[in-house]
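Enquirer: Chains as they are written, first to last, in our numbering: chain H, 1 to 324; chain C, 1 to 324; chain X, 1 to 297; chain L, 1 to 297.
To be clear, the hints were calculated from the coordinates, so they are not data collected in a lab.
Incorrect hints may appear among the rest.
Taking lysine to aspartate or glutamate and the DMTMM-like style, the derived pairs with C-alpha atoms no more than 25 Å apart in a straight line are [unchecked claim]:
#, chain 1, residue 1, chain 2, residue 2
1, L, LYS109, H, GLU201
2, X, LYS105, C, ASP199
3, X, LYS109, X, GLU52
4, L, LYS105, C, GLU201
5, L, LYS109, X, GLU208
6, X, LYS109, L, ASP124
7, X, LYS222, X, GLU208
8, X, LYS109, C, GLU201
9, X, LYS109, H, GLU276
10, L, LYS222, L, ASP139
11, X, LYS105, H, GLU201
12, L, LYS109, X, GLU52
13, X, LYS105, X, GLU52
14, L, LYS109, C, GLU279
15, L, LYS109, H, ASP199
16, L, LYS105, H, GLU276
17, C, LYS155, C, GLU182
18, X, LYS109, H, GLU201
19, L, LYS222, L, GLU181
20, X, LYS109, C, ASP199
21, X, LYS109, L, GLU181
22, L, LYS105, H, GLU201
23, L, LYS109, C, GLU182
24, L, LYS109, C, GLU276
25, X, LYS109, H, ASP199
26, X, LYS105, C, GLU201
Residue strings, one per chain:
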Amino acid sequence: MNLSVQLGPLRLQNPVTVASGTFGYGVEYARLLDLNQLGAVTVKGICLRPVRGNPTPRTAEVTSGLLNAIGLQGPGVDGFIRQYWPFLRQLRVPTIINIWGTTIEEYAEVARRFDQLEGVGALELNVSCPNIKEGGAQFGTDCRLLARVVAACRKATRLPLITKLSPNVVSIVPYARAAEQEGSDALSIMNSYPAMAIDIETRRPRLANGVGGLTGPCIKPIAIKLVYDAARAVRIPIIGMGGIQSAEDAIEFLLAGATAVAVGTANFYAPRTALEVIEGLQRYMQRHGLTDVRDLIGRVDMPGAAGPAASENTCTPAESRMQQ
Amino acid sequence: MNLSVQLGPLRLQNPVTVASGTFGYGVEYARLLDLNQLGAVTVKGICLRPVRGNPTPRTAEVTSGLLNAIGLQGPGVDGFIRQYWPFLRQLRVPTIINIWGTTIEEYAEVARRFDQLEGVGALELNVSCPNIKEGGAQFGTDCRLLARVVAACRKATRLPLITKLSPNVVSIVPYARAAEQEGSDALSIMNSYPAMAIDIETRRPRLANGVGGLTGPCIKPIAIKLVYDAARAVRIPIIGMGGIQSAEDAIEFLLAGATAVAVGTANFYAPRTALEVIEGLQRYMQRHGLTDVRDLIGRVDMPGAAGPAASENTCTPAESRMQQ
Amino acid sequence: MLRLLLFCRGQSARQATARAAPPLTLGVSPRMLPSTMVEESTEILAHERVTESYYLLTLRAPGIAPRVQPGQFAHLRIWSRPDALLRRPFSIYQARGDTISILYKVVGKGTAALARMQPGERLDALGPLGHGFALPSPDGPEPILVAGGYGMAALYLLAERSPRRGIVFVGGRRRTDILCEAEFRALGWEVRPATEDGSYGVRGLVTEPLQVELQRHAAHRKLYACGPTPMLRAVARLAEAFGLPAELSLDEHMCCGMGVCLTCVVPVRTDGGWEYQRACTEGPVFDARQVLWEIPA
Amino acid sequence: MLRLLLFCRGQSARQATARAAPPLTLGVSPRMLPSTMVEESTEILAHERVTESYYLLTLRAPGIAPRVQPGQFAHLRIWSRPDALLRRPFSIYQARGDTISILYKVVGKGTAALARMQPGERLDALGPLGHGFALPSPDGPEPILVAGGYGMAALYLLAERSPRRGIVFVGGRRRTDILCEAEFRALGWEVRPATEDGSYGVRGLVTEPLQVELQRHAAHRKLYACGPTPMLRAVARLAEAFGLPAELSLDEHMCCGMGVCLTCVVPVRTDGGWEYQRACTEGPVFDARQVLWEIPA
Ligand SMILES: Cc1cc2nc3c(=O)[nH]c(=O)nc-3n(C[C@H](O)[C@H](O)[C@H](O)COP(=O)(O)OP(=O)(O)OC[C@H]3O[C@@H](n4cnc5c(N)ncnc54)[C@H](O)[C@@H]3O)c2cc1C
Ligand SMILES: Cc1cc2nc3c(=O)[nH]c(=O)nc-3n(C[C@H](O)[C@H](O)[C@H](O)COP(=O)(O)OP(=O)(O)OC[C@H]3O[C@@H](n4cnc5c(N)ncnc54)[C@H](O)[C@@H]3O)c2cc1C
Ligand SMILES: Cc1cc2nc3c(=O)[nH]c(=O)nc-3n(C[C@H](O)[C@H](O)[C@H](O)COP(=O)(O)O)c2cc1C
Ligand SMILES: Cc1cc2nc3c(=O)[nH]c(=O)nc-3n(C[C@H](O)[C@H](O)[C@H](O)COP(=O)(O)O)c2cc1C
Ligand code: FES
Ligand code: FES
């Protein structure tokens, strides 16, 4: 049975990774599961300098979901390399490093730094984190800015590049196309959705930051549609994520058009989910007589499906808030 | 204790109505609850002609939510007036009629037809239904088109106009402002979110239409944020909706900035929800020593809250897919 | 257009838990409205596994029970799964005094959660819902019932309340799928079982012995059927072939169960065209001649 | 930077249900990693209401129990609420043989659902988690424990395993909020209760008798505290005033409980600055001198 898939130049032994920010730096899970069984380990978003992040409360549980505004706390490139890389480089499976910046130059600089580090599997550009004031979400909701970020990182590194798109757009298609055109090897879909919850007793937002990002099972149907839309519009592979709790959820993403999947919020309450997804996927394939996981990718039987509407084809001003 | 609120010229005895498409034409619920206790009855979307709607399956249950692609089945203006108006006009509470069209002219024509009908409480423009091919969602995700629809309806009727916005945008602010500027008396936020689910055994989408709209408790945190964002940007009142199941949920919307709320999907499984919301709201006000429900509206205590970012201020080309 | 004053029937002391709103003048054809439903918190009186795959659930439902017509259903809110929002519809199998019972099969998460519920627990029920079967008249055609799976449950009240007895054709994959045979016999009906594996009754589909019977004698008979769609379709074809009237219970996927969401629609022939009608309101029982099995192009 | 080979201690037959991955060379300071946790499906052995508001839950947790250090916690997945996703953290009150117990108060939906669970049911548990209290040394300072609410539960193992006894100051609103007094006395500790309404022990906040005691005699004593934040802050002030060392258990809101989500962070003084540290990993027990009570501007 073949479970391996390609994310552009990067080969995964199976299509299951974890979502950035929900699996720490891998090492925290090393006692609970054998990381070498994953398709890849994806680490928390890293930028040039150490970042303290937002005040607390930073997360709040909502119906079938989680709201978070961590604020991208992290050790920065140097801290990451010093503290976590010695562990990660020992793994037999690739590490995907999620990176971000507050300017295009910063993105490129982080990419350049990791380009010099031996053994990195791929870089995932987080252009869509809704929890930082400068940059972040803006890059992910402005199609031309996105194109420039991807282009700058493409120039800065030969590592496989994965662009992680924001769900908070009218149509994901122009963003997916822009990333593809500028040389992204793959897409990650989706990041958390901007949302908010209020404690009616204190009348304060349940997150110190006011707004945050919604993740978990509640967003899965939104993520499935975004993956489906993007998969019909680009040729590069997609890592699908958003609410995956089980192999069934993961298979739904593969059928919608994802080449790989990432388990996110579920890691917080069911740390073995990613391994269970791999096992369940194999059982499903057996039961359905499938020998290659690639035979599932995009195989939803959509009656009368055609390409995306013409109006969605290009990065028109409609998708760009920047007036150039 | 004052529960009454104003939606522009329209007075509601309390801030609780029902969401269009989740309460039929009111009459279906007449045996289960006293409709005259509601703030208003909002009916299913109506356009010029009778509409058959989509093939089945039309709904699918998802985690803490519902996916639907009904396709706006309805009797058309004439059918509605003949079959349902004799009942609705007897009610002591206003009827809000949800209308839609496939062209700007059709919207205006439907508005004109209802302008001639005596006793209508308000018209709610559904510019955001994701389930029809022509029109619908397009009007809701193109800021200039939205402005034209609202302007055309404004000319066609003196009835209070409520514009129901789509959540499927980068920022709700320019849409809210466009509707306000063109003379909308209130906003409804939010309609369902485009989404999809796949049956992994049959490998077919769980809706015959492929994609549908996500509603129910799972979308509440998204709706709260949209209401909060819009409320800071416009002066007209907002009807908040999205996943309301209880008085607590409704109060969260009021605190975020909604002047009234609508109960939607919950009507399908708990038909008395709207009345329970009214009762629970009164208990909450008592417990907190509040005598006027208006003292809750927008009273979330947001640390350091300011107006929306400057970039969100106007209907720039960024929010318009139409090249004029 | 009909204008009628609807009032709540049987408002008695024992219906105190049932919620019903005051009378209202409706301007709508009664066929287009949910029937005389109430919403009530019922108590589970008994709950047992009756066959390998079926459970029998008995509820104290004083508001619903006295209103039930044969072929109607109850819409149950299964509380223990808060991530599964919707109610689940079940035909009302029996209605006696202030109790109703349901015969159901575990097929998914809702029914699995239901199966775990214990006597004494409460279950919110909406019912009775839908338009059921027209009762046969004493001097009308002889009733012939055709059932597959839980169709037997949907037909029981019709068999009980019909002023005349007839034949019940019942089908299933194997012996254990044949439900309530003894109950129908006890009512004085002749039961003709058929199983696909031949483990009980005639081997084959239930419509095969039905066809044989109709070939023998068809005049002055009427068919009433509930079961899987292919079976209903075969019954409709036989009815047409033999020129017989037939009422079919079409169990579409449902959401609200009371006519507002438009989930459960069935394409139905109208004068010169077709329209979608709601299985939960105009149905689940439809005249076989009206049902369109494909959506016209 | 430490480099150490971590291995799973006590891998014995009775830990068959515990899941632990193979040894790995970690490049990270052990303080920055979740402690020797396992995830296991535990069985509820006993579950009783011990006071008006507290429940005592006993679990068979052969993987967790032998690893527990005083001040650590378990992260429980309460299955019956699938719309509430997250685990809930509880201090490990007692750990004996292969069982652990938890003393908890019903405050919301998770604890309410937990309170409905019955012996025999299973509960997925992750633990032991966090860095707990340093055990007093036989010739070190005399331990003074300070507890509010379930803080008593968090301190019990420390009291049990400490090589020397001392005094426990315990506070609550009223008499029924004073937990486990007898248990501490049975271990040989002196217990000094205080209640806000004066219904038991001294009237007032627990830190008032503590202050009186320290004024009497402070030398060679160390404070260990767990309770509401205002209490911890008052204890930290007293420690500072009297120049005493103090370890505080800070129970922040948690999500993953194992150091990955960064929900539970506490501002902590570092050389020349401050940083956020994770209550679930570097904590919940922190040195009082390190804790910043306000985020520096
Ligand atoms: C009017 C009516 C009367 C019914 N009477 C009975 C009865 O007397 N006894 C009985 O056992 N069942 C009856 N059913 C079917 C019953 O409603 C479904 O089996 C039940 O809703 C499944 O719920 P679930 O959560 O277990 O399954 P889900 O997890 O929701 O789904 C599991 C499987 O069941 C299928 N399914 C779900 N809902 C329906 C449905 N409404 N109709 C057909 N298949 C469905 C799904 O497609 C899926 O394949 C009736 C249905 C209707 C509409
Ligand atoms: C390390 C640690 C050890 C703990 N030990 C114990 C213990 O031994 N016994 C015990 O009874 N409780 C203990 N708690 C608190 C316990 O975790 C919470 O009471 C529980 O998570 C509430 O869950 P819920 O679903 O019932 O409440 P929710 O419905 O989630 O919330 C109800 C209320 O409780 C508050 N709350 C939720 N989580 C926490 C939290 N982590 N800390 C404080 N308040 C919270 C909420 O803000 C809200 O006001 C501990 C917490 C931590 C972090
Ligand atoms: C607490 C938390 C932190 C996250 N941090 C990051 C991050 O640093 N970089 C990033 O690209 N995405 C981050 N994400 C988003 C996830 O990677 C993922 O896209 C999202 O959670 C959706 O998947 P899920 O529903 O399975 O959680 C974070 C999500 C959560 C819940
Ligand atoms: C089955 C269904 C039909 C709907 N039909 C309409 C409609 O005709 N017009 C409209 O503006 N909104 C329609 N909506 C959207 C609702 O009015 C409401 O905006 C949405 O359901 C969010 O609220 P909720 O989460 O409480 O359901 C429909 C929603 C559902 C679930
Ligand atoms: S199930 Fe809602 S209309 Fe029939
Ligand atoms: S709770 Fe997740 S890092 Fe502490």
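Enquirer: Taking the hints in turn, state whether each one holds.
Expert: Hint check results:
A C-alpha spacing of about 16 Å is found between L:LYS109 and H:GLU201, which places the hinted pair at or below 25 Å, so the restraint holds. A hinted pair counts as satisfied when its Cα atoms are at most 25 Å apart, and X:LYS105 with C:ASP199 qualifies at roughly 21 Å. The suggested pairing of X:LYS109 with X:GLU52 holds, with an alpha-carbon distance near 18 Å, which does not exceed 25 Å. For the proposed pair L:LYS105 and C:GLU201, the alpha carbon gap of about 44 Å is over 25 Å, so the pair is violated.
For the hint linking L:LYS109 to X:GLU208, the alpha-carbon distance of about 56 Å lies beyond 25 Å, and the restraint is violated. Taking the CA atoms of X:LYS109 and L:ASP124, the gap is about 21 Å. The hint holds against a cut of 25 Å. Taking the CA atoms of X:LYS222 and X:GLU208, the gap is near 17 Å; set against the 25 Å cutoff, the hint holds. Among the hinted pairs, X:LYS109 with C:GLU201 is consistent with the structure: their alpha-carbon atoms are about 16 Å apart, no more than 25 Å.
Using a Cα cut-off of 25 Å, the hinted pair X:LYS109 and H:GLU276 holds, with the two alpha carbons roughly 20 Å apart. Restraint check for L:LYS222 and L:ASP139: the C-alpha separation of about 12 Å stays at or below 25 Å, so the hint holds. Of the pairs offered as hints, the one joining X:LYS105 and H:GLU201 is violated, with about 44 Å between alpha carbons and a cut-off of 25 Å exceeded. Only pairs whose Cα atoms come within 25 Å are accepted, and L:LYS109 paired with X:GLU52 is rejected, the gap being roughly 36 Å.
Taking the CA atoms of X:LYS105 and X:GLU52, the gap is near 9 Å; set against the 25 Å cutoff, the hint holds. Between L:LYS109 and C:GLU279 the CA atoms are separated by roughly 22 Å; this keeps the pair inside 25 Å, and the hint holds. With a C-alpha separation of about 15 Å, the suggested pair L:LYS109 and H:ASP199 falls inside the 25 Å cut-off, and the hint holds. Between L:LYS105 and H:GLU276 the CA atoms are separated by roughly 33 Å; this puts the pair beyond 25 Å, and the hint is violated.
The straight-line distance between the Cα atoms of C:LYS155 and C:GLU182 is roughly 10 Å, inside the 25 Å bound, and the hint therefore holds. Restraint check for X:LYS109 and H:GLU201: not satisfied, since their Cα atoms lie roughly 35 Å apart, outside the 25 Å limit. A hinted pair counts as satisfied when its Cα atoms are at most 25 Å apart, and L:LYS222 with L:GLU181 qualifies at roughly 21 Å. Between X:LYS109 and C:ASP199, the direct Cα distance comes to roughly 15 Å. Compliance with the 25 Å bound is thereby established for this hinted pair.
Distance restraint check for X:LYS109 and L:GLU181: the Cα-Cα separation of roughly 46 Å exceeds the 25 Å cut-off, and the hinted pair is therefore not satisfied. For a cut-off of 25 Å, the pair hint linking L:LYS105 to H:GLU201 stands: about 20 Å separates their Cα positions. With a CA separation close to 45 Å, the supplied pair L:LYS109 and C:GLU182 exceeds the 25 Å bound. Pair hint L:LYS109 plus C:GLU276 holds up; C-alpha atoms about 20 Å apart against a cutoff of 25 Å.
Simply put, X:LYS109 and H:ASP199 have alpha-carbon atoms about 32 Å apart, too far for the 25 Å limit, and the pair is violated. Taken as a hint, the X:LYS105 and C:GLU201 pair is honoured in the structure, with Cα atoms around 20 Å apart against an allowance of 25 Å.
Checked against the numbered hints above, the structure breaks hints 4, 5, 11, 12, 16, 18, 21, 23, 25 and satisfies the rest.
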